[in-house]
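Could you build the full structure based on these sequences and the hints that come with them?
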Amino acid sequence: MASIGPYHLEETLGSGGMGVVYRAVDPRDGREVAIKTLLSDRRASEASRQRTRRELEALRRLDHPHVLRVLDAGEADGPYMVLELVRGESLADRLRRGPLPLDAALRLAREQASALEHVHAAGLLHRDLKPANVLLREDGSSCLTDFGLTLEVEATRSRLTKTGQLLGTPGFWAPEQAQGDPHACSPATDVYGFGALLYAALTGRP
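According to my numbering, the residues represented by the sequence shown are 34 to 239, in order.
Honestly, the hints are just simulated from the structure, not real lab data. Yeah, the Cβ is synthetic: ideal placement off N, Cα and C, and Gly gets one too. Don't take each hint at face value.
[To be verified] Across the chosen pairs, the derived CB separations fall in these ranges: (1) Ala211 to Gly63: 42 to 48 Å; (2) Pro203 to Arg64: 16 to 22 Å; (3) Arg64 to Asp214: 40 to 46 Å; (4) Gly107 to Ala146: 20 to 26 Å; (5) Asp96 to Pro220: 16 to 22 Å; (6) Arg86 to Asp136: 35 to 41 Å.
Below is the structure:
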């Protein structure tokens, strides 16, 4: 059985340009977890490694019922983080079947507004609010995830993002993101993304 650190890998949940997410088991207590890995150091750029470490540092500062919890972290051919395993589906997957009923959309709005308030109170910006980054648990509650574009509100002059680089998702990004101006990002950037997220929940489209 393949392992990362002490964790036994069970299956691949998803993969992308920067790494792979697995369902795994902690043999010390039998708990199922999600492990997010970065591609090996030979394939990942230094910027990608820094972005993953930044996501981990951001998540460690957050403690909210509607923000994905980080449980552990380590290094194994690159950094990895151990996250709460959310059983359910992403909001993006759910919206492929049509918009949410009004009561479900209102619950989502309350939960994600509260999560976003917590993120901002910690001095962070998410900068990539979209249906793919919201997980829906089996009980219907929601969980904000994917903090790879997280930015400290005050750290606006020393960071990986360069002026002119477009980060975010069309249909959900604020005008300052679409214009490639990272110095203009503020909590209002996330509020715009929140509004776009709610619009998608109610209509089923960006």
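Each hint, compared with the structure:
| no. | hint | in the structure |
| --- | --- | --- |
| 1 | Ala211 to Gly63: 42 to 48 Å | holds, 46 Å |
| 2 | Pro203 to Arg64: 16 to 22 Å | violated, 38 Å |
| 3 | Arg64 to Asp214: 40 to 46 Å | holds, 43 Å |
| 4 | Gly107 to Ala146: 20 to 26 Å | violated, 33 Å |
| 5 | Asp96 to Pro220: 16 to 22 Å | holds, 19 Å |
| 6 | Arg86 to Asp136: 35 to 41 Å | holds, 39 Å |
The structure fails hints 2, 4 (numbered hints given earlier, in ascending order).
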